[in-house]
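**Q** Given only the sequences and the hints, what does the whole structure look like? Please build it.
2 protein chains.
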Amino acid sequence: MPVLPYVLEKPLPVPGFKVGSASCGVKSADLKGKRQDVTLIVADVPAQAAAVFTQNAFRAACVDLGEKTVREHATDIRAIIANAGNANAGVGEMERVWSQQLIDLGADAAGVESHQVLSASTGVIGEPFPIERIQDAIGEASTSLSEDNWMQAAEAIRTTDTFAKYASRQFEVFEQNISGKTYTITGVSKGSGMIHPNMATMLGFIATDAPIRTEILQDILSKVADVSFNSISVDGDTSTNDTVYLLSSGLGLGDTELEDTSAFEQALTEVAIELAQLIVRDGEGVTKFISIEVSGAESEKQARDLGRTIAVSPLVKTAFAGSDANWGRIIMAIGNSGSFIQSDKVSIKADDVLILKDGNLHPDYTDARGMAVFAKQEFTLAVDIGLGDASATVWTGDLTHDYISINAEYRS
Amino acid sequence: MPVLPYVLEKPLPVPGFKVGSASCGVKSADLKGKRQDVTLIVADVPAQAAAVFTQNAFRAACVDLGEKTVREHATDIRAIIANAGNANAGVGEMERVWSQQLIDLGADAAGVESHQVLSASTGVIGEPFPIERIQDAIGEASTSLSEDNWMQAAEAIRTTDTFAKYASRQFEVFEQNISGKTYTITGVSKGSGMIHPNMATMLGFIATDAPIRTEILQDILSKVADVSFNSISVDGDTSTNDTVYLLSSGLGLGDTELEDTSAFEQALTEVAIELAQLIVRDGEGVTKFISIEVSGAESEKQARDLGRTIAVSPLVKTAFAGSDANWGRIIMAIGNSGSFIQSDKVSIKADDVLILKDGNLHPDYTDARGMAVFAKQEFTLAVDIGLGDASATVWTGDLTHDYISINAEYRS
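Chain order of the listed sequences is W and P.
Just so we're aligned: the first sequence equals residues 1 to 412 in this note's numbering.
Just so we're aligned: the second sequence equals residues 1 to 412 in this note's numbering.
It cannot be assumed that every hint is accurate.
It does not matter which identical chain is meant; a pair holds if it fits inside one copy or across any two.
As the list claims (entries may be wrong) - Result set (DSS-like, lysine-lysine): computed pairs, CA atoms no more than 30 Å apart in a straight line:
1) 68 to 357
2) 27 to 357
3) 68 to 345
4) 345 to 181
5) 376 to 27
6) 27 to 349
7) 357 to 376
8) 345 to 27
Worth flagging that the hints you see were computed from the coordinates, not collected in a lab.
**A** What follows is the structure, encoded as C-alpha cells:
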C-alpha cells in the first residue's frame, strides 16, 4: 500500500503539447489491449529541451542517444516516445539498433524528424526488445493525441508503480511584454524500485510553455534535480535508464523570452519535489514516508550525502518499518557517511521529540515518546551535525517484507 | 537458518593463553545465569598485539581506548575483556567512564594492570551500560580460566549469532633455532547484523604463540583483514564497535623471533577468512552463501569495491533470495560501483554457466541454466570487467523476509 494520504490533482494541459498512449504488450504479448505501455508526447512547435540522466556506468542506449540529441538539437525537439515493460538495456549489440528504431517509430507517429525525438525505456533489463509489437500498435498513440492526456501518459509509463504520478503548477509573470501572463508546468514520473539519488529507475517528463531557452532550462533543471529527484531513496540502487526530460514550448509559440526565471524555478522545484516524493510514497513495499532533514553541515553536498546514508541503511529502514525508535542505528548510519563527524555535536529530533542533544541522550527523552513518532505513517527525522550552516532534505521509505516479496518472488 | 553445511572443528588451545567466561545478564538482569555474556582472554606472559577497528565516525569509547592501548603498550598486553548484550555506544559522557571501568574489572579479574587490558563491547547501542552486573559476576570468568575454553569464548561474545564461531590452524616452522616447531593460531568471531567491509558489528579475537613482534603482526593483520573481514557484507551497515585483536605470546614465552613469516601469514589468512565467512553464513536472515569473484580490474581495491557494490545491492540480494538469475540487476550494480566500466568488456559467470560474454548474452545461456545455479545454497558469481589483471573475492548472503523480521520486529 503506498503512503498517499491525499488525492492527486488532475494535471493541467500545457499549451503547445499533446499527449497520446498505446497498448503494445511490450512486457508480454498477452498484455496487449490490457494496459497502456507506450507514451507519446508531441510538441506542436520546436521545443527547447533540457535533461538529466542516470549516473550508472551501464547506461542504456536510449540514454546515450537522448544525451546526444539534447546536445545537438536542444532548440528543436518535437517529441518524446517512452515505453514501459522492457528497459532495452543489457542486451548487447542490438540495444542501440532497437533504441534508434523506437525513436524512428516515435518520429513517424508524431510526424516529425528522428533527430527531433527523445526516447526512454523502462522495465526489465536484459530481455530482447519487442520492437515489432510497438510498431504494430504505435498508431493508437498518434490517434489519441490530446492536450488533456497527461494522466494517461503517467499511467502508460508505470512499471511496478501502484498509481500514476503527475503534478502541475502555474505561475504568473509580470514583465514588460508579458505582464500578467500565466504559464503552466506539468510533469509525470514513475518509480518504484532501484530508486536512489542520481536518477534511479525513474523517468520524469516535464513540459512547460514558459518561454525559456535551453541553456537556462538546463541550468535550472540540474539545480532542481539535486533537491528533488536526487534527494529520494527507496533502496539505494540506481538504474541504467533514469532520465528526466524538460521541454519548453514558449519560444516556439512566439512568446518573448522570460527575463526573470525565479518564479519558474520555484514552480518547477515544487513540481519536481512532488513528482519525486510520489515515487517514494509508492516505493516498493513502502508503508512509511520519512523526511530526513540534515542541518549543521559544512556544505549542502555533505548534508545530502549524510541524509542519503541514513536513508539507505537497511538497519535504519527496518527500524522505520518496525516503528522502533532505534536511534542507535541512526548514529551508526551517520558515522558511516564518510563525512567528518564530531559525535558530541550531533543532535537528533523525531518530529518535535528531541532524542540526542550534542551527543547526549536528552533527559526528557523516553522510548515511549520516540516510539510514538516512529509509529506514525509520516514523520521527520532532523539531524543536526553542528559543524556549519548548510542543510538538505532527503525523502525515503521503510524496508518491509513486501519489498522482499516484490523483489525476491517476481522478476521486475 | 544459517548456511553451514559442515561441522566446525574444535578450536585448538594456544600456548600462553587461557580463556574464561561469565554470565552477567548484561542485556537484561533476568538473563544472568542463563547465558554466558562476558569473555576474558588472559595471556600468561606479555603478548605482542595488533588491531584493526571500525571505520565508522561514531566510534564507541572501547574502540578509542583500545586503539590508544595498542599504540602505547603493544608489546605488553595481558588480557582482553569483552561483553555481549550492550555496545556501550551512543550513551554520551558516561560511555568512556563505563568503558574504563570494564577494563579495570578485566585487569582485576586477570590479575594484571589496566594498561595491559583491551576491551570490546557488542550489542544494543544507546542504552546505559550495566557495569555493576558485570562487576558482580566477573569472578566466574577468572575462576573458569583454562587453555581449552575457546569454544566458550566464542559462545559468550554472541549477540544475534545463531552459532559460536571459531577457527584454528597450525603451521610448522623450519628456521635455524626453531626447526620443526609447530605454532597455533586460534580465533573467535561474532556477527551478525551491521556486517559490511571496514569492520561491521563484528568482533574477532585471534591468539597465536608464533613469535612475531607487534610491528610485523600489525602489518600482516592489516593485510589479512582486507581479504577476510573487510571482504564480507551482510547488509552494508558498519557498526560503531567493530574490532579485531591479534595477540601473540611467542616472544613472551621466550621463543626466537620468526625470520620468515610467510607460513604464519598464510595460516592467519585461512583463520581470518574462515571466521569472516562464518559471519556471512550466520548473517541475519541469510539462506544462501555467495562468493563474488571480481577479476579483470585495474587494482585489487577496484575489484573489491566492485564486489562490495554487488554484495550490498538490495535488488541483487533479493534476486539471490528468490533464486532468480536476474543478471540485469547484477549489471545495474556493476554500473553503480563508481568505477570506470566498459560495458562491452564485462563477462559474468554463475558457477560454470557463462551468462554474459563481453557485454553480450552468451548464445548458450538460458534462464533455466541460470536458475539452476541461483537455486543452490552456495554458488560463485564471477564478474570479469576486462580492464586489467587485479582480482578480489567478496562473500555475501541473500536478503530475506527473516532479515526484515529480525530487524523490524525486535530491537537488536
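**Q** Hints first: check each against the structure and report whether it holds.
**A** Status of the hints after comparison with the structure:
{"no.": "1", "hint": "68 to 357", "in the structure": "between (50 Å within a copy, 27 Å between copies)"}
{"no.": "2", "hint": "27 to 357", "in the structure": "between (52 Å within a copy, 25 Å between copies)"}
{"no.": "3", "hint": "68 to 345", "in the structure": "between (47 Å within a copy, 23 Å between copies)"}
{"no.": "4", "hint": "345 to 181", "in the structure": "neither (49 Å within a copy, 54 Å between copies)"}
{"no.": "5", "hint": "376 to 27", "in the structure": "between (37 Å within a copy, 28 Å between copies)"}
{"no.": "6", "hint": "27 to 349", "in the structure": "between (45 Å within a copy, 26 Å between copies)"}
{"no.": "7", "hint": "357 to 376", "in the structure": "within (22 Å within a copy, 49 Å between copies)"}
{"no.": "8", "hint": "345 to 27", "in the structure": "between (52 Å within a copy, 28 Å between copies)"}
Violated hint for the displayed structure: number 4, the only one.
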